[in-house]
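Participant: Chains A and B, in that order, give the protein sequences.
First residue of the first sequence? That's 327 in our numbering, and the numbers climb one at a time after it.
First residue of the second sequence? That's 327 in our numbering, and the numbers climb one at a time after it.
Keep in mind that a hint or two might mislead.
As the list claims (entries may be wrong) - Partial list, computed: chain B residues near chain A (C-beta under 7 angstroms):
#1 N551
#2 A552
#3 I586
#4 T589
#5 M599
#6 G601
#7 V603
#8 F607
Rather than coming from a laboratory, the hints here were simulated on the basis of the structure.
Even for Gly, the Cβ is constructed at its ideal location relative to N, Cα and C.
There are 2 protein chains.
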Amino acid sequence: MQQIVLDQYCDGAPLPENFRLETASIPEPGEGRFRVRHIFNSVDPGTRSRLSGGDSYAPALPLGNPIDGFSVGVVEASHNADYPEGTEVYFAGGWRTHSIQSGRGFIGKVPKESRLPLSLWIGILGVPGLTAWFGLKSIARFQAGDRVLVTSAAGPVGATAGQLAKAGGAGQVIGLAGSDAKCAWLVEEAGFDKAINYKATPNLSVAIGDAMPDGVDVLFDNVGNAMINRTLPLMRQNGRICISGQVADYNLSPSDTPGIVNTKPFITHRVRMQGLVVFDFMPAFAEALEAMSAMIQAGDLTYREDRFVGLETMPEAFCGLFRGDNFGRRVVQLDQSG
Amino acid sequence: MQQIVLDQYCDGAPLPENFRLETASIPEPGEGRFRVRHIFNSVDPGTRSRLSGGDSYAPALPLGNPIDGFSVGVVEASHNADYPEGTEVYFAGGWRTHSIQSGRGFIGKVPKESRLPLSLWIGILGVPGLTAWFGLKSIARFQAGDRVLVTSAAGPVGATAGQLAKAGGAGQVIGLAGSDAKCAWLVEEAGFDKAINYKATPNLSVAIGDAMPDGVDVLFDNVGNAMINRTLPLMRQNGRICISGQVADYNLSPSDTPGIVNTKPFITHRVRMQGLVVFDFMPAFAEALEAMSAMIQAGDLTYREDRFVGLETMPEAFCGLFRGDNFGRRVVQLDQSG
Numbered sequence: 327m328q329q330i331v332l333d334q335y336c337d338g339a340p341l342p343e344n345f346r347l348e349t350a351s352i353p354e355p356g357e358g359r360f361r362v363r364h365i366f367n368s369v370d371p372g373t374r375s376r377l378s379g380g381d382s383y384a385p386a387l388p389l390g391n392p393i394d395g396f397s398v399g400v401v402e403a404s405h406n407a408d409y410p411e412g413t414e415v416y417f418a419g420g421w422r423t424h425s426i427q428s429g430r431g432f433i434g435k436v437p438k439e440s441r442l443p444l445s446l447w448i449g450i451l452g453v454p455g456l457t458a459w460f461g462l463k464s465i466a467r468f469q470a471g472d473r474v475l476v477t478s479a480a481g482p483v484g485a486t487a488g489q490l491a492k493a494g495g496a497g498q499v500i501g502l503a504g505s506d507a508k509c510a511w512l513v514e515e516a517g518f519d520k521a522i523n524y525k526a527t528p529n530l531s532v533a534i535g536d537a538m539p540d541g542v543d544v545l546f547d548n549v550g551n552a553m554i555n556r557t558l559p560l561m562r563q564n565g566r567i568c569i570s571g572q573v574a575d576y577n578l579s580p581s582d583t584p585g586i587v588n589t590k591p592f593i594t595h596r597v598r599m600q601g602l603v604v605f606d607f608m609p610a611f612a613e614a615l616e617a618m619s620a621m622i623q624a625g626d627l628t629y630r631e632d633r634f635v636g637l638e639t640m641p642e643a644f645c646g647l648f649r650g651d652n653f654g655r656r657v658v659q660l661d662q663s664g
Numbered sequence: 327m328q329q330i331v332l333d334q335y336c337d338g339a340p341l342p343e344n345f346r347l348e349t350a351s352i353p354e355p356g357e358g359r360f361r362v363r364h365i366f367n368s369v370d371p372g373t374r375s376r377l378s379g380g381d382s383y384a385p386a387l388p389l390g391n392p393i394d395g396f397s398v399g400v401v402e403a404s405h406n407a408d409y410p411e412g413t414e415v416y417f418a419g420g421w422r423t424h425s426i427q428s429g430r431g432f433i434g435k436v437p438k439e440s441r442l443p444l445s446l447w448i449g450i451l452g453v454p455g456l457t458a459w460f461g462l463k464s465i466a467r468f469q470a471g472d473r474v475l476v477t478s479a480a481g482p483v484g485a486t487a488g489q490l491a492k493a494g495g496a497g498q499v500i501g502l503a504g505s506d507a508k509c510a511w512l513v514e515e516a517g518f519d520k521a522i523n524y525k526a527t528p529n530l531s532v533a534i535g536d537a538m539p540d541g542v543d544v545l546f547d548n549v550g551n552a553m554i555n556r557t558l559p560l561m562r563q564n565g566r567i568c569i570s571g572q573v574a575d576y577n578l579s580p581s582d583t584p585g586i587v588n589t590k591p592f593i594t595h596r597v598r599m600q601g602l603v604v605f606d607f608m609p610a611f612a613e614a615l616e617a618m619s620a621m622i623q624a625g626d627l628t629y630r631e632d633r634f635v636g637l638e639t640m641p642e643a644f645c646g647l648f649r650g651d652n653f654g655r656r657v658v659q660l661d662q663s664g
């Protein structure tokens with residue numbers, strides 16, 4: 327088996343040389359355990375928080391430890407009757423080709439009747455899709471008619487959030503993305519009302535204001551405080567900000583992030599801002615996954631994948647997330663059967 | 327009659343010379359209207375927002391206009407059958423001795439059976455008390471067991487919020503105030519578990535952390551971003567910040583306020599922050615006032631008043647709010663019958 331471990335802590339943007347590939351013998355599962363052969367692994371921006379060496383909210387990852395992530399795979403050896411050989415599972419796997427699992431923690435079985443591609447269970451049917459679902463419905467408390475602004479909209483969280491809003495009767499769904507191709511996809515494939523290429527827009531606040539002349543009910547932010555600062559003055563009464571992710575701020579020390587400059591709209595416009603950790607909603611995952619699976623099968627919810635092949639590509643796949651290189655959910659295929 | 331009008335716009339902290347006393351003849355009420363003789367007027371920090379000359383969220387007050395505020399008074403001439411002569415009312419009155427009212431907008435009748443002092447209807451039974459009630463219950467969604475930190479705790483909003491939390495079974499209620507006398511009152515009279523004199527505390531973050539070793543479930547903030555920045559790292563999981571007021575920031579231009587520096591806890595600790603405009607809850611005012619009246623009569627809710635006498639003292643009473651001079655609700659008595 328192979329795995330990727332942390333070789334040096336990151337200082338600012340992560341670099342491929344912060345990571346190291348290791349080879350080991352394939353482990354045997356103990357009593358009650360089972361071995362999963364990973365088919366797809368994900369790279370996730372949130373992973374960055376443990377790679378700076380200091381304890382932040384999550385403890386620092388020790389040097390030499392394998393990197394966290396999500397995976398989908400198949401049980402290939404089992405001493406656990408609930409997970410017999412051949413079971414397809416999605417789980418907190420990590421950057422490796424094989425792992426030993428106990429069936430506890432974040433793990434689910436891919437429904438046998440599902441005809442959807444396996445990789446979706448770490449994409450639109452995994453943490454990104456669930457983040458969009460619960461961020462929009464439980465944190466932003468989306469209601470029909472809401473005018474919704476989504477940042478990092480071509481990413482798997484943003485694209486899903488915008489489509490769920492549109493499907494729920496949003497008054498307007500506008501996305502921000504970093505290329506004309508992403509913007510075209512958002513409008514033509516994902517059904518956004520409009521997309522703005524923020525890299526080609528000199529004054530983004532003005533562009534958002536022009537696109538949303540009636541203001542913003544919901545800001546679904548995946549980027550960070552710079553986006554919140556631009557949008558706060560445009561918020562409507564009782565507007566809501568869901569802090570889903572802060573990819574632009576993860577590489578900065580807290581004192582270097584832009585912060586939130588003007589908090590007056592919180593009072594004057596009764597704005598509510600709340601952060602999200604999707605695992606708080608674990609008891610409701612099954613229901614959300616069933617609903618989103620049905621929407622995908624009916625053609626009402628689309629997605630884009632940005633696929634790499636081979637475990638050794640994972641560091642580069644990860645580092646590119648912070649440059650906005652990904653166009654859709656970045657998954658790494660480990661096995662040609664996927 | 328007399329009234330106080332805006333003579334010059336304020337630049338930074340308001341000064342008495344920004345205001346001017348005017349004398350006019352007592353107006354006669356037209357059809358459907360009535361004249362109220364003001365008995366008490368309040369001075370309110372939020373008034374500052376209209377005194378800078380630029381439109382912020384509220385339009386700038388035109389020079390020469392009377393200053394807004396809340397009042398309690400008695401109807402002394404009426405062409406409105408709902409408000410006969412002798413009716414005691416609390417209302418959006420302003421810095422004047424008499425005013426003509428129509429019965430629309432924010433106005434209520436002092437219950438005939440009430441034996442509570444009239445001035446309470448612009449204090450703990452007025453906007454400050456209602457702000458505490460709805461801020462704690464509807465915005466912060468206070469629950470028994472919550473550990474609550476209140477800033478500007480000896481002011482009428484903070485003192486009421488802390489007592490309501492305590493009465494509701496808070497795990498801990500800590501107040502920040504600006505003098506030892508205020509701190510002593512908070513603990514001895516208002517039943518706070520502890521009060522911290524922030525002016526005599528070199529490292530306030532450490533002092534709050536020492537006083538609340540298990541962290542903060544609810545920050546009820548009346549001060550501004552400096553307090554939010556100190557408290558955010560101490561917030562517990564699912565913590566809530568109620569932005570009730572930002573008195574320290576009202577005199578600053580948005581670019582000069584400290585802003586919110588580190589937003590990571592919004593995600594990591596699922597913090598929710600929301601601002602409050604109490605008039606959003608107007609349909610529920612009667613119920614809150616009944617409950618708080620009963621608590622006051624039972625001795626379960628106390629208050630402090632900081633009384634000035636004479637309309638001409640209002641500018642100085644108002645300006646002192648921004649230096650933290652007030653100890654309790656600052657009301658101005660216009661009439662010896664109050």
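Participant: Does each hint fit the structure? Answer for all of them.
Facilitator: Comparing the hints with the structure gives:
The criterion of a C-beta within 7 angstroms of any C-beta in chain A is met by N551(B), whose closest approach is roughly 6 angstroms, and the hint holds. Below 7 angstroms, beta-carbon pairs count as interface contacts, and A552(B) has none with chain A, the closest being about 11 angstroms; its hint is therefore violated. Because the beta carbon of I586(B) sits about 4 angstroms from the nearest beta carbon in chain A, less than 7 angstroms, this interface hint is met. Look at T589(B): its Cβ gets to within about 6 angstroms of chain A, closer than 7 angstroms, so that hint holds up.
At its closest, the beta carbon of M599(B) sits 5 angstroms from a beta carbon of chain A; the interface hint therefore holds under the 7 angstroms criterion. Using the Cβ-Cβ criterion of 7 angstroms, the hint placing G601(B) at the interface with chain A is satisfied: the shortest such distance is roughly 4 angstroms. For V603(B), the shortest C-beta to C-beta distance to chain A is roughly 6 angstroms, which falls under 7 angstroms, so the interface hint holds. The closest approach between the C-beta of F607(B) and any C-beta of chain A is roughly 11 angstroms, which is over the 7 angstroms cut-off, so the hint fails.
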